[in-house]
Amino acid sequence: MAKIHVTTTINGEPVEYLCEPNDTMLDALRGPLGLTGSKEGCSSGDCGACSITVDDQLICSCLMLAAEAEGHEIRTIEGMADGEKLHPLQQKFLEQAALQCGICTSGMLVASDALLRRNPNPSEEEVRFWLAGNLCRCTGYDKIVRAVLETAAEMRDGIKEAAQ
Amino acid sequence: MNLVTNNKWIGQRTIRPDGMDKVTGRAQFAADMTMPGQIWGKVLRSPHPHARIRSIDTSKAEKLPGVKAVVTSKDIVDFPIEKGAVMLGIQDMRWMCRNVMARDKALFPGHPVAAVAATTEAIAAEACSLIEVDYEVLPWTIEIEDAIKPDAPVLHEFNKWEGKPSNIMGRLEHKKGDIAEGFKKADVVIERTFTTRPVHQGYIEPHACVISVAPDGKTTIWSSSQGQFMVRAMTAYLTGIPQSDIRAIPAEIGGGFGGKTIVYLEPLATLLAKKSGRPVKMVMTREEVMRATGPTSGSRSTVKIGATKDGRITAAHGTFYLQAGALPGSPIRGAAGCSFTPYDIPNLLSEGFDVCSNRSKVAAYRAPGAPIGAYAVECVMDEVAEALKMDPLDFRLKNGAKEGTKAAHGPTFPRIGYIETVEAAKASAHYAAPLGDGHGKPRGRGVASGFWFNAGGESSAQVNITEDGNVVVTTGHPDIGGSRAGIANICAELLGIDYKRVSVIIGDTQTIGFSNLTGGSRVLFASAMVVTQSTEKVIQTLRERAAKIWNIDPEAVKWDQGAAHPVSPNAGQFEPLTLKELADKAPTQGGPIGAGVQLNTTGADGGFGTHICDVEVDTELGIVRVIRYTAVQDVGRAIHPGYVEGQLQGGVAQGIGWALNEEYIYNKDGKVDNPGFLDYRMPVCSDLPMLDCIMVEVPNPKHPQGVKGVGEVPLVPVMAAVASAIYNALGIRFYSLPMSPPKVSAALDAGVKQAAE
Numbered sequence: 027m028a029k030i031h032v033t034t035t036i037n038g039e040p041v042e043y044l045c046e047p048n049d050t051m052l053d054a055l056r057g058p059l060g061l062t063g064s065k066e067g068c069s070s071g072d073c074g075a076c077s078i079t080v081d082d083q084l085i086c087s088c089l090m091l092a093a094e095a096e097g098h099e100i101r102t103i104e105g106m107a108d109g110e111k112l113h114p115l116q117q118k119f120l121e122q123a124a125l126q127c128g129i130c131t132s133g134m135l136v137a138s139d140a141l142l143r144r145n146p147n148p149s150e151e152e153v154r155f156w157l158a159g160n161l162c163r164c165t166g167y168d169k170i171v172r173a174v175l176e177t178a179a180e181m182r183d184g185i186k187e188a189a190q
Numbered sequence: 004m005n006l007v008t009n010n011k012w013i014g015q016r017t018i019r020p021d022g023m024d025k026v027t028g029r030a031q032f033a034a035d036m037t038m039p040g041q042i043w044g045k046v047l048r049s050p051h052p053h054a055r056i057r058s059i060d061t062s063k064a065e066k067l068p069g070v071k072a073v074v075t076s077k078d079i080v081d082f083p084i085e086k087g088a089v090m091l092g093i094q095d096m097r098w099m100c101r102n103v104m105a106r107d108k109a110l111f112p113g114h115p116v117a118a119v120a121a122t123t124e125a126i127a128a129e130a131c132s133l134i135e136v137d138y139e140v141l142p143w144t145i146e147i148e149d150a151i152k153p154d155a156p157v158l159h160e161f162n163k164w165e166g167k168p169s170n171i172m173g174r175l176e177h178k179k180g181d182i183a184e185g186f187k188k189a190d191v192v193i194e195r196t197f198t199t200r201p202v203h204q205g206y207i208e209p210h211a212c213v214i215s216v217a218p219d220g221k222t223t224i225w226s227s228s229q230g231q232f233m234v235r236a237m238t239a240y241l242t243g244i245p246q247s248d249i250r251a252i253p254a255e256i257g258g259g260f261g262g263k264t265i266v267y268l269e270p271l272a273t274l275l276a277k278k279s280g281r282p283v284k285m286v287m288t289r290e291e292v293m294r295a296t297g298p299t300s301g302s303r304s305t306v307k308i309g310a311t312k313d314g315r316i317t318a319a320h321g322t323f324y325l326q327a328g329a330l331p332g333s334p335i336r337g338a339a340g341c342s343f344t345p346y347d348i349p350n351l352l353s354e355g356f357d358v359c360s361n362r363s364k365v366a367a368y369r370a371p372g373a374p375i376g377a378y379a380v381e382c383v384m385d386e387v388a389e390a391l392k393m394d395p396l397d398f399r400l401k402n403g404a405k406e407g408t409k410a411a412h413g414p415t416f417p418r419i420g421y422i423e424t425v426e427a428a429k430a431s432a433h434y435a436a437p438l439g440d441g442h443g444k445p446r447g448r449g450v451a452s453g454f455w456f457n458a459g460g461e462s463s464a465q466v467n468i469t470e471d472g473n474v475v476v477t478t479g480h481p482d483i484g485g486s487r488a489g490i491a492n493i494c495a496e497l498l499g500i501d502y503k504r505v506s507v508i509i510g511d512t513q514t515i516g517f518s519n520l521t522g523g524s525r526v527l528f529a530s531a532m533v534v535t536q537s538t539e540k541v542i543q544t545l546r547e548r549a550a551k552i553w554n555i556d557p558e559a560v561k562w563d564q565g566a567a568h569p570v571s572p573n574a575g576q577f578e579p580l581t582l583k584e585l586a587d588k589a590p591t592q593g594g595p596i597g598a599g600v601q602l603n604t605t606g607a608d609g610g611f612g613t614h615i616c617d618v619e620v621d622t623e624l625g626i627v628r629v630i631r632y633t634a635v636q637d638v639g640r641a642i643h644p645g646y647v648e649g650q651l652q653g654g655v656a657q658g659i660g661w662a663l664n665e666e667y668i669y670n671k672d673g674k675v676d677n678p679g680f681l682d683y684r685m686p687v688c689s690d691l692p693m694l695d696c697i698m699v700e701v702p703n704p705k706h707p708q709g710v711k712g713v714g715e716v717p718l719v720p721v722m723a724a725v726a727s728a729i730y731n732a733l734g735i736r737f738y739s740l741p742m743s744p745p746k747v748s749a750a751l752d753a754g755v756k757q758a759a760e
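Line by line, the protein sequences give chains R and C. Residue numbering for the first sequence follows our numbering, starting at 27 and increasing by one per position. Residue numbering for the second sequence follows our numbering, starting at 4 and increasing by one per position.
Possibly wrong hints are sitting among the right ones.
[As the list claims (entries may be wrong)] Under the rule of at most 20 angstroms between Cα atoms (straight-line distance), these lysine to aspartate or glutamate pairs were calculated in the EDC-like manner:
no., chain 1, residue 1, chain 2, residue 2
1, R, Lys-111, C, Glu-139
2, R, Lys-29, C, Glu-124
3, C, Lys-401, C, Asp-190
4, C, Lys-11, R, Glu-121
5, C, Lys-503, R, Glu-121
6, C, Lys-671, C, Glu-139
7, C, Lys-503, R, Glu-110
8, C, Lys-63, C, Glu-165
[Claimed, not checked] Far from chain R by the CB rule (all over 10 angstroms, computed), these chain C residues:
no., residue
9, Pro-142
10, Pro-156
11, Lys-540
12, Trp-553
13, Phe-577
14, Lys-588
15, Gly-649
16, Gly-673
17, Leu-691
18, Met-693
19, Pro-704
20, Ala-750
If you're looking for bench data, these hints aren't it; they were derived computationally from the structure. Don't be surprised by glycine CBs; every beta carbon is placed ideally from N, CA and C.
Use the sequences and the hints to build the structure in full.
Have a look at this one:
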């Protein structure tokens, strides 16, 4: 059984790996690539704990084959902070206690980031429907939704300030 | 004990010590660990709800290239039933050894019958399919009403009830006064019967472990659980390896809610690792989690409450039948013991029955049993209040337990905060607000209260001052919801230093003293006690060191704001010595500074909450939406308010799921038909509104910071609050959960049909 050779970009860095034809992207990330920040909660695309972006499109990495990454731009939770500088969403999640056990947090952050890139001014309802694919059993979502809304407002203010 | 008064850090929303790792993907959960040379373990599970295992032939599996070890029940230490109970906490090892691997009988679909370790997951799975099990398929029973019938298939033939083999494994009662006399005095008596379905704890992280057993027997377990010491003890019991040889390391835990207070995989992986000589990793699929772990009990409860015209409860009787699943041990203590406890009832009988049936063995779920009982009791309370034309909160105020009330399960209450929760609910903006216009969708409001025992028990802590004058606190309880943040606040408060100078870590079984489970809402309560006493010892050492340097009496040194200060008669004579300076001088002034304390903590007073729920019902589709929710709870003292609110909000969300959607659905073959997150419908973000919290703080007088457990109470009142809100909206009372769209639609259709006839 021959393995497939894949050349791709993960968090801005060129990456090569070998995978089985039936390996998922999540298998590749968590296995040979050692990027265990993406979590496996269901392997059926229902929990969102393995959320990543592929060419800025939010997906569940358990529903993508590892071989499909060829030539694409993948981003995971490990690429969200800029060195020591946290993404504003990461900082806000910490400040607002928007995580408890933390198993959903990677996926929540990746999904929230994808939302704010697409819609910098979401309503509460838009946040709730966008994050409906990311299960959290600990928080009741209250603090997560607030953290996303507040981060969005601060990022908009930051952009305004920068423009002035 | 010294009550902290200056409160620089207690009550602050500090950044949790483990937060950075969790927002950057660094945190290592159970399945994130790899050991050198590891191989993979898989479990073969029974397809039958009930079957005698005549024989197991593993020879074909063992011959498959890549297979390194196979284990069956023969490899697991047996605890013979006739030899009597061997208890570890509330778990009987006779049942645990039969739960991790079926012995003579498979008792539910998903019951492990063998396990394999192989070089890849695929080979391990293929090997499982090559194991030949000769089953004698037996009749089975799942639902309580079937399992308690006289002619029901009996799971455990040794068990007798009223002289005959039975699935009723035990009964518990709490009694006070004389209910017959009490009901005679009542003007209004209401009796109703309720059912609930099994619901799963629903943690997002499946059970997982990686285990190495060296040739000398030294065992390293990496797994996520609600207690590394429980993992060590159960694994030791079931494998025969002494506890001193097992180092159980607590991974970060991706949710537990009670479901990770027992082991499933660890004994199997340990035996596979021992046989194969290789580290073994096992990770459950979601389907395995749903079929073979948890859930909590399904139930059948009958509750009767009598009250006088002026609203005084004279008597109450509750009968709670709870599904234990394959092996005994359903949470009847929580159902029978908690459900009436918010009220001062002179005549009370509360009975629980533990019923076995062919589904997975029940595991603890957040205030085990209490939400099931409270659903029944609080709904009847609502009906009695309505019959008396009383506001439901006023009815509760009139009968509320307070200091001096004798609870049927034993204690006479000290100062408690139940009445305060009802008063705060009554005074809340939510209770005063109109329901608003649903634009054709009926709206309603419901209230309910709840109680949970809370627990103390064994905890250990070590507080060490580092050479550079900072602090490392080690405790022994897995942190699921932010307990490390609360511990950092407390230690920083006592030492008078910035909380960022306090590192809090969870030790493994061989590096910190015995600490009981993360469960019973006990972790911050108990941790705070041992951390406080350890820190006070450290402060005593620091005062002695300063006194020695200054050549004065230690009693003439006070510790304040992170430094030793001379007090009268030496006040002002010496410059204060800071923690950093004293740490720096430690090598020449007596050596390392640190202290550990191990306690069996007591004084964990029970917790009370009162909830308000508003719903809106789409009568076309039968969909109930919660549109506003307020949880009021006596939290004792909120050490970190953000994580206290988080407990309240998380409990409420689970309760809304239990009330409206979640249920195990069994098919005609006795198998779970919805073993995944798509069909087992937990609340998603768009299902819920913001969840408001009102934290009432009636400090626990038996605790140095006034802490009461907070984690479990918030699930207890929810289903009744939602049910009463739906009744308020529709005039239809649902006596069974979940109140899901098909059930609500059918009830609405029946109403329309009745009106037409």
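Practice task
Run the structure past the numbered hints and jot down the numbers of the failing ones, going up.
Solution key: The structure conflicts with hints 1, 8, 15, 17, 18, although it agrees with all the remaining ones.
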